[in-house]
Amino acid sequence: MLPDDAAEAAGPSARIIADPRVRHFHDPEKRAGKAIAESLGSEDGLAWDIYLFYASGGQWSDGPPAPIDWMHQLPSSWADPARFHTGDELPVELGKAMKRLTGAQP
Amino acid sequence: MGTQRSPDESVDVISLGGSLQPLKDHFNANSNKPRFLALLSPT
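Same order as they appear, the protein sequences are chains A and B. For the record, in the first sequence the residue sitting at position 87 is 86 according to numbering that gives the first Met the number 0, with numbers rising by one throughout. For the record, in the second sequence the residue sitting at position 40 is 39 according to numbering that gives the first Met the number 0, with numbers rising by one throughout.
The set of hints was computed from the structure by calculation and includes no laboratory data.
Pair by pair, the computed Cβ-Cβ distance ranges are:
1. A:Glu7 x B:Ala37: 19 to 25 Å
2. B:Ile13 x A:Pro80: 29 to 35 Å
3. B:Ser18 x A:Asp87: 33 to 39 Å
4. B:Ser30 x A:Asp87: 30 to 36 Å
5. B:Gln20 x A:Ala8: 18 to 24 Å
6. A:Glu88 x B:Ala28: 28 to 34 Å
Every residue gets a Cβ at the ideal spot worked out from N, C-alpha and C, and that includes glycine.
One chain only, chain B, in its complex shape (with noise of 0.2 Å):
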């Protein structure tokens, strides 16, 4: 399931401070298909 990037490419990370709404709005994008979440921490 894909690659690691370099170090040095950067990879979109959107925030979701103040609202969920990106969130929900990707999720609810791609309810014809089967979906995974997972969360993490980052360190």
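One chain only, chain A, in its complex shape (with noise of 0.2 Å):
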């Protein structure tokens, strides 16, 4: 998405998230993120910087299925602006949305 991003790049960034349940990919064409883009209504936006939930059962055919939550950073785009977390706030909502998904108690 930026000049600088490069698959020389992902790994060191993917050590940040060394989690085994996690898989790391590089889209240097940016593929997914104009497929996600598109789930979301978008039809020549590209998604980056962004959260998605998906709830059990879902299939990427096509398309990926729609998330049941989502959220971005992307300050001016083609984003729903209601959607924008980010510093403080960005981890607290990513938590809220999470634990909707998994129900988790709070």
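Combine both chains into one complex, guided by the hints.
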């Protein structure tokens, strides 16, 4: 998404979240970003700095299923400004969404 | 949720160059669970 984004940068960044449940991908042609933006209703947008929550059961076929919740850090874009979160607010909102997704008790 | 690895530990990064299929396959292989997906810039 940014000029310095390259496969070489993905490895060190991936080490930041080193959980065995996590898979890291590098998307040089921005296919995932385009597919996600389209799934959220944008015809020509590109999704990045975006967080999506999917219920069990949904399958990715021609495109990803609709997320049950999502939020982003794109200050001016096609993305719903009501879903924009940054700074200290972002981890709080991510935590709330994760609890709703997993049914975990607060 | 896990810990950071040391700088010399390797982490697999799967390339989506040419196809989204590896991402689709991983997403669908875990369809019996809720899933979280983040699209982030590495820089």
